[in-house]
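Asks: Given next are the chains, with one letter for each unit.
6 protein chains.
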Amino acid sequence: MSRIIGPSLPNIPWEEKPQAYASPVWRYSANPIIARDAIPSSNSVFNSATVPFRGKFAGVFRCDNRAVEMNLFAGFSEDGYSWKINHEPIVFQGDAEITKLQYRYDARVCQIENKYYITWCNGYHGPTIGVAWTEDFETFHQLENAFLPYNRNGVLFPRKINGKYAMLSRPSDRGHTPFGDMFYSESPDMEFWGHHRFVMAPKGGWQSTKIGAGPIPIETSEGWLLFYHGVLTSCNGFEYSFGAALLDLDKPWKVIYRTGPYLMAPHMLYERTGDTPNVVFPCAALVDAPSGRLAIYYGAADTVTGLAFTRVEDVIDFTKANSEV
Amino acid sequence: MSRIIGPSLPNIPWEEKPQAYASPVWRYSANPIIARDAIPSSNSVFNSATVPFRGKFAGVFRCDNRAVEMNLFAGFSEDGYSWKINHEPIVFQGDAEITKLQYRYDARVCQIENKYYITWCNGYHGPTIGVAWTEDFETFHQLENAFLPYNRNGVLFPRKINGKYAMLSRPSDRGHTPFGDMFYSESPDMEFWGHHRFVMAPKGGWQSTKIGAGPIPIETSEGWLLFYHGVLTSCNGFEYSFGAALLDLDKPWKVIYRTGPYLMAPHMLYERTGDTPNVVFPCAALVDAPSGRLAIYYGAADTVTGLAFTRVEDVIDFTKANSEV
Amino acid sequence: MSRIIGPSLPNIPWEEKPQAYASPVWRYSANPIIARDAIPSSNSVFNSATVPFRGKFAGVFRCDNRAVEMNLFAGFSEDGYSWKINHEPIVFQGDAEITKLQYRYDARVCQIENKYYITWCNGYHGPTIGVAWTEDFETFHQLENAFLPYNRNGVLFPRKINGKYAMLSRPSDRGHTPFGDMFYSESPDMEFWGHHRFVMAPKGGWQSTKIGAGPIPIETSEGWLLFYHGVLTSCNGFEYSFGAALLDLDKPWKVIYRTGPYLMAPHMLYERTGDTPNVVFPCAALVDAPSGRLAIYYGAADTVTGLAFTRVEDVIDFTKANSEV
Amino acid sequence: MSRIIGPSLPNIPWEEKPQAYASPVWRYSANPIIARDAIPSSNSVFNSATVPFRGKFAGVFRCDNRAVEMNLFAGFSEDGYSWKINHEPIVFQGDAEITKLQYRYDARVCQIENKYYITWCNGYHGPTIGVAWTEDFETFHQLENAFLPYNRNGVLFPRKINGKYAMLSRPSDRGHTPFGDMFYSESPDMEFWGHHRFVMAPKGGWQSTKIGAGPIPIETSEGWLLFYHGVLTSCNGFEYSFGAALLDLDKPWKVIYRTGPYLMAPHMLYERTGDTPNVVFPCAALVDAPSGRLAIYYGAADTVTGLAFTRVEDVIDFTKANSEV
Amino acid sequence: MSRIIGPSLPNIPWEEKPQAYASPVWRYSANPIIARDAIPSSNSVFNSATVPFRGKFAGVFRCDNRAVEMNLFAGFSEDGYSWKINHEPIVFQGDAEITKLQYRYDARVCQIENKYYITWCNGYHGPTIGVAWTEDFETFHQLENAFLPYNRNGVLFPRKINGKYAMLSRPSDRGHTPFGDMFYSESPDMEFWGHHRFVMAPKGGWQSTKIGAGPIPIETSEGWLLFYHGVLTSCNGFEYSFGAALLDLDKPWKVIYRTGPYLMAPHMLYERTGDTPNVVFPCAALVDAPSGRLAIYYGAADTVTGLAFTRVEDVIDFTKANSEV
Amino acid sequence: MSRIIGPSLPNIPWEEKPQAYASPVWRYSANPIIARDAIPSSNSVFNSATVPFRGKFAGVFRCDNRAVEMNLFAGFSEDGYSWKINHEPIVFQGDAEITKLQYRYDARVCQIENKYYITWCNGYHGPTIGVAWTEDFETFHQLENAFLPYNRNGVLFPRKINGKYAMLSRPSDRGHTPFGDMFYSESPDMEFWGHHRFVMAPKGGWQSTKIGAGPIPIETSEGWLLFYHGVLTSCNGFEYSFGAALLDLDKPWKVIYRTGPYLMAPHMLYERTGDTPNVVFPCAALVDAPSGRLAIYYGAADTVTGLAFTRVEDVIDFTKANSEV
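Chains as they are written, first to last, in my numbering: chain P, 1 to 325; chain G, 1001 to 1325; chain B, 2001 to 2325; chain L, 3001 to 3325; chain V, 4001 to 4325; chain R, 5001 to 5325.
I should point out that these hints are in silico values taken from the structure, not numbers from a laboratory. Worth double-checking, as some hints may not be accurate.
[Claimed, not checked] Once the Cα atoms are required to be at most 25 angstroms apart in a straight line, the calculated DSS-like pairs of lysine-lysine come out as:
(1) R:K5203 with B:K2203
(2) P:K203 with L:K3203
(3) B:K2164 with B:K2115
(4) L:K3203 with G:K1100
(5) B:K2100 with V:K4254
[Stated by the list, open to error] Output of the computed footprint for chain P on chain B, the stretches with three or more beta carbons under 8 angstroms from beta carbons of chain P:
(6) 2136 to 2146
(7) 2244 to 2253
(8) 2269 to 2280
[Said to hold, decoys possible] Now the in silico label distances, taken between C-beta atoms and shown as ranges:
(9) B:D2248 with R:R5159: 49 to 59 angstroms
(10) B:A2020 with P:R54: 39 to 49 angstroms
(11) P:Y21 with R:P5178: 41 to 51 angstroms
(12) R:T5099 with L:R3174: 52 to 62 angstroms
(13) P:M1 with B:K2203: 47 to 57 angstroms
(14) L:K3203 with G:P1018: 34 to 44 angstroms
(15) R:K5251 with V:A4035: 21 to 31 angstroms
(16) P:K115 with R:V5325: 34 to 44 angstroms
(17) P:A35 with B:V2091: 45 to 55 angstroms
(18) P:M1 with B:Q2019: 47 to 57 angstroms
(19) B:D2248 with R:M5001: 26 to 36 angstroms
(20) R:R5054 with G:G1175: 32 to 42 angstroms
The model shown is predicted, which means the values in this text are computed figures rather than measured ones. Glycine residues also receive a C-beta, built at the ideal position from the N, C-alpha and C atoms.
Start from the sequences, fold in the hints, and give me the full structure.
Replies: Following this line, the structure appears as structure tokens:
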């Protein structure tokens, strides 16, 4: 049976699947958990990342302000549902050329050993992948951008693979990119990156325009479990849903299974309407290894933040049973 | 007075017009009648066609699955409101080259003599018009595609005209076509088609981008009553509404009257929000000739199916009174 | 302290700011005040202008009909909330070449001395700025179009400046223009226009695609208070919000302050959904000089009309404190 | 050895291949053979078709006039090099709806038994395939358009196949179509068409944007020899070259061989510069079966007409040896 | 018989029409008359305007420098063929806001009484119509821009009409505008402009994308003779040709005749190749009224300047005989 | 005085500047030096790189074949003018995933110590920068791609800087990218790359759309001398010219000087016409340090290869005197 390789998280936010609910992923009944105006300056709070931290929870949040400028904010929670987000954005330490703010959005947080690494879409003469680390969510040390522009959705693996740090990303263009494959890259030192490998491309339906990694991949007995978003282009623009894939543990650029159907698509009014209608966009998952429980944080309609749940065996079974690699 | 030429349908779904409602077409009060997830695999059920069948009702339904792949399913109803849709898609019999599934959507069903002909947007190296027939909604015999790609919204007339089968269609391109005129074609045998005639083009306002035939044209004392959709391009994409036209009985490519205003536009939340916001798209109409009652089935927001009602004299009077041919 | 230069309007529509509401502009609690189908022929009523008139209120309303043709209608109100809009559009007197109707929309009304001047987007071989005046909202005298096509959002100043009539406008293209700076022009006689000056261009975030003047500029002790809309282009199209600027009293093309954050963005369901999702678009403001109260009329989702309130000192303080000139 | 199935044409225009010339197709040394202003009204003469006629030659020529309106003209030649083109365009007899001139261009001429059939891109509410026949190149009888719009490059086969007339065509859109596959259609009577089959799609390089049939397919012992144009999109627009394919004699939608490299690309100054730079576009080939000689007429730069030569065994050998089906 | 209303210019550059040349406009045999690198800094010299001046000739030239920045230079000629162009651009006197150089191109020069007015495409936050005057081609006085952006091809009439200065122009967008109608405007004082009237729109063929006025209109007994350019969009971009129209003398926005065919299109290698292939673009015409001789200066391929000739009776006869108003 | 830091190359191809030629760069009088069909399979030979090799010259050539597939070929020359290019493309040794041929073009060759490194635009699920080395131009060892797609114009520096290998590149998109800034990247080992720094962006005129590094930067007493191409977008597509910049020796991402005017633009017929009209594209420069002589190899019209000359002091003086950093 599929199982997660990792620590326990007994205080994971959790709600059982509703009766007679057929899909392997279900929403929290009190969604959205973070409102548009969760902090005084915010226009929207979405596409944000959470991690277990000192027995509770911490996170890095995308709070667009009311000028609709994109920036990252640290936040903390006792229970994973209710979040206190700092009112001031993160100030990154580091090389002045690199830390100069253009825009920052869509963060992921990845614990590797005793550091929390943050990756995000970082404006440096175009969107690229910013990288920083913190130990306390108070002081953040920014490293070199991982790649040249234009890139988005850089997502680290939670341990070195073959002795190297590893990252997924989605090379892009300057605008609302109408294409997007997923690639894998390695680094000996979190500074220089290479050994770039193609992972997978869009397919039909909900994932026909572009795809990008979501939460930090979850190590399981079956491979790396990766949730990823996919985009369909209707006559009225983009629609974002998400599915899952299983990647080879040692060669994560090899896709073993990949969901044909989506796991979740925008169906609720708070996902259907907002600054960008029809978006569900997962950026983090909390994991309780012993029980196989997963709590997924996702942005809804580029406006608010929702929570969804699944069990690892369910999602892996579904992925295997509906795979279209 | 305008009257329908055709059989009676005393069990037509029906609800009287609300008091003080001004427009000639009104919605069913319990819309939508078919939910997004009406069958276990469905992401959405819309743009579907119904017919009287053995004293009850049958239909062909567009059920996009959760991979957002488009396919057609047979369904049945006792009352025209509540539908049992098969969980497996229609399997078409016929030439292997033609029946090979790429995608199928937006079916219409047209009874001609004792056969039910289905036409739909059929993927064959691009969208074109698929044609099939059934006598029992169990076995479906697929014929040759009527036209070369790229085409959509192929709609048959319910009897031969001038000794030929007749079809309306809307030549298209490969994508979310930003243009679209309606044409008329004839066939001696449902296999070879020709004598193509221009019918009508977009006009201003709600029908300024493209237009396409909706339900099977209804024979009336005033001409063929055709409901058709029209598309307006706002700065946020396409908006689909529908109106009506009266076509010459013998030369149906000649438009006698055509509504300036729409008959119905997306105003309800289930029409305003969904996979494609702002869509009402009629694909079928049940007709009770003696009473002049019409029940129109339409897709809403490319997600669910709604029902609307009108009376033939009202809609013809409105069309004549507001004609802008 | 900032104060308005102008007459009192004790019967201004007004509702106090909700408790604990942080932003300087707040919505009327019973919005929208004008429904989509406020008159029998209307598909939508929005982007409309109101003025004090003979102790009560009058206005010019954009009512798109159900053919989705755009035209202007006079309307009257006792209280500024409840409006009686004429069922027939305004008939303009004047040169036949100029008064010929192509389309008319997005009117503003500006009292200068004892005349009410209407400016609007006027179809004359492309969109340009129509100009007319009335004394009674019954007879309207149309003047020459102010500019060559292609232009939109022509907004007069409420008095001559440096001995000339003055107008803001936003040169455009033929379609859903993806750019838009604001310019200032002068006229000795409301017939010939010149001395065109650049005022301001789009900036980041909510105002990054284009900007355009909203209500008639309000003379204050700090300069002309101008509410203006700004547009952001998401992957699903345009989103319209609004902010404010203070312009030099004598050289109104010089911007003294300009809001970085928006004052209001589409957050309510009636602003999020409609014929154009995600639009708030202000076209008029009633002003009570002694109290500094302002009542702003704005179109919502290109479908209905809403009302919002602010106080001049609040909005000027906010603009100064958050200025990004 | 490959051989042509057909009559002899001893007076075929002919020039031997230059010494040390490597490619299987070579140009006439006195190209272009028809000048831009070959008739008094013409801006350009190109994309035209020739046939043996009464021991000499006749043809249908695309002569755009100096308003750059596209129309067809009959022409005659003693030797195939020097052409006398009528100064007045062809007047087609037939149904008034169909013969009404919108635009006509890119004709092919196909002898089937004792009639010469002309097919061309015919403006009928969009480009489609016009069909007509003549016996004398003086009186032309126009039939129904073969297909619905939008289509171009309709090319008949020179005999019935499986008892049906057969045509290749390239479904298109309304403009400078950026895609284009080749399809095969059948007709019992030259009036109704069906049994549409996909033939082939663009591939890389010179044929990566779209492809379309050129001259009438030539029956050979190896299959139908089809010359076809291919288009590459550079950063400066389209470039038209041509290659060849061998199609199954009985099922011509089955491609047996297809040239990877082009046979000819625009290299001469009269092909590089003109109203459309970088175009060679073949529309006709004269054939001498016993000797295997072929004379290809092609439009150059959408401005003039050139002549090229090849031998059937050479071109078939080359096609087989460089096939990339 | 048609005749020019104006002064004599016995020293007009002139070359008789070649024998057997059919078109009413013919090229100078030694074209181009001004080379790409006519001054040390120039990349190209084209779209330039000339006038009789003190018994000889003067002009304003568009010389793009080798940074490909566009600016205007004065120049002088003894004979109209050989030009000495100043090596430094024109410095305009006037309001600092208006005279600040962004870019300047495509000048026309119009003598009205004893002043020479220059109009050009002037960069002021977008292209608009700059206006200046000189008496000596040494000191240039810049006035206000005539219109708001975006506009090009502003061309003055050589005398007041109905007591007002009059100008033709072509409202545009910010880029390589894909549309363009011609409009007429009036001014009492060369400062404020109004009374804007639509003149004409593109038609088919060579003038199907956009049209714009060329040289200063020439007063004739038949109306204002206007040469204007027209643009056709091929799959490889724009092609510029030119034709003529006759406008009503008193209401110049009324078109009396308009050439269906072009008068001249790019046929020579120096018109076919250059920085913009396939351009002939007339900006000036010298006129000898008694003889009816005209010498037209035109830019070729956006690179060099050519000269062409015609006689007024020929061009008016041709325009009348081939009119498609 | 400016001088080159590097070895002598007494046998550099060389021709003195023509009398009275004003620009600092001049063409070889017998251009083009490599014809379109220099090898039997080639459609075009351009955008190629040369280096001194064993007392003579070697190079890597872009030879598109007649299928217009892009690949790289080694070639050799005694004198730098006349080249023998291998008839078979280079076979790269290395990781099968990376060496698999999709397409290869626009190579540069950079000698670092005793190895010759080749960088090129390498198809790996999109264009990126391929890297390989050879010692003998017979065996080529391919390394990992330097970057993720989408990238073009990767150009190495000829020595380590600050202990790291250094490369310039131009991040791109998937198509005919309409933007393009130049960036600088470092690598400790030619395998992993990072420390990405913005160098410069497009400016006006000839370099307004995108810019990219050309030949290997040349170390001089004034900084790294970089020739780079720039692109202007006319209404007929892209035009490629080239200029020069001086980069800081230790921080090469800092631009000290940059030419406002181009050094060379497409003016000759072989640069004006070809598969892509209006292109000069330099990829290599031979350098004789003692004399300051430079021989630049450039692709012309994406069809043939030309040679141009300059002297280092002239080009540096020109760059300084005309700098627009």
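Asks: Given a hinted range of 26 to 36 angstroms, is it respected by the beta-carbon distance of D2248 of chain B and M5001 of chain R?
Replies: Taking Cβ atoms as reference, D2248 of chain B and M5001 of chain R lie about 54 angstroms apart, which means the hint is violated.
Asks: Within 47 to 57 angstroms: is that where the Cβ-Cβ distance between M1 of chain P and K2203 of chain B falls?
Replies: holds (55 angstroms)
Asks: Can the suggested window of 32 to 42 angstroms be confirmed for the beta-carbon pair R5054 of chain R and G1175 of chain G?
Replies: violated (55 angstroms)
Asks: Using the Cβ atoms, figure out if T5099 of chain R sits within 52 to 62 angstroms of R3174 of chain L.
Replies: About 44 angstroms separates the Cβ atoms of T5099 of chain R and R3174 of chain L, which means 52 to 62 angstroms is violated.
Asks: Is the hinted range of 49 to 59 angstroms satisfied by the C-beta distance from D2248 of chain B to R5159 of chain R?
Replies: For R5159 of chain R against D2248 of chain B, whose Cβ atoms are near 57 angstroms apart, the range 49 to 59 angstroms holds.
Asks: Given the hinted pair K2100 of chain B and K4254 of chain V, is their alpha-carbon gap at most 25 angstroms?
Replies: Holds: K2100 of chain B and K4254 of chain V sit about 17 angstroms apart, inside 25 angstroms.
Asks: Can you tell me whether the CB distance of K115 of chain P to V5325 of chain R sits inside 34 to 44 angstroms?
Replies: holds (40 angstroms)
Asks: For Y21 of chain P and P5178 of chain R, compare the CB-CB distance with the range 41 to 51 angstroms and indicate the outcome.
Replies: holds (47 angstroms)
Asks: Taking 25 angstroms as the top limit, are the C-alpha atoms of K5203 of chain R and K2203 of chain B close enough?
Replies: OK: K5203 of chain R and K2203 of chain B at ~20 angstroms, within 25 angstroms.
Asks: Please test the hint of 45 to 55 angstroms on the beta carbon pair from A35 of chain P and V2091 of chain B.
Replies: Once the Cβ atoms are compared, 49 angstroms apart, the range 45 to 55 angstroms for V2091 of chain B and A35 of chain P holds.
Asks: Between K3203 of chain L and P1018 of chain G, does the beta-carbon spacing fit 34 to 44 angstroms?
Replies: With Cβ atoms ~60 angstroms apart, the hint is violated.
Asks: Given a hinted range of 21 to 31 angstroms, is it respected by the beta-carbon distance of K5251 of chain R and A4035 of chain V?
Replies: violated (43 angstroms)
Violated hints for the displayed structure, listed by number in ascending order: 6, 7, 10, 12, 14, 15, 19 and 20.
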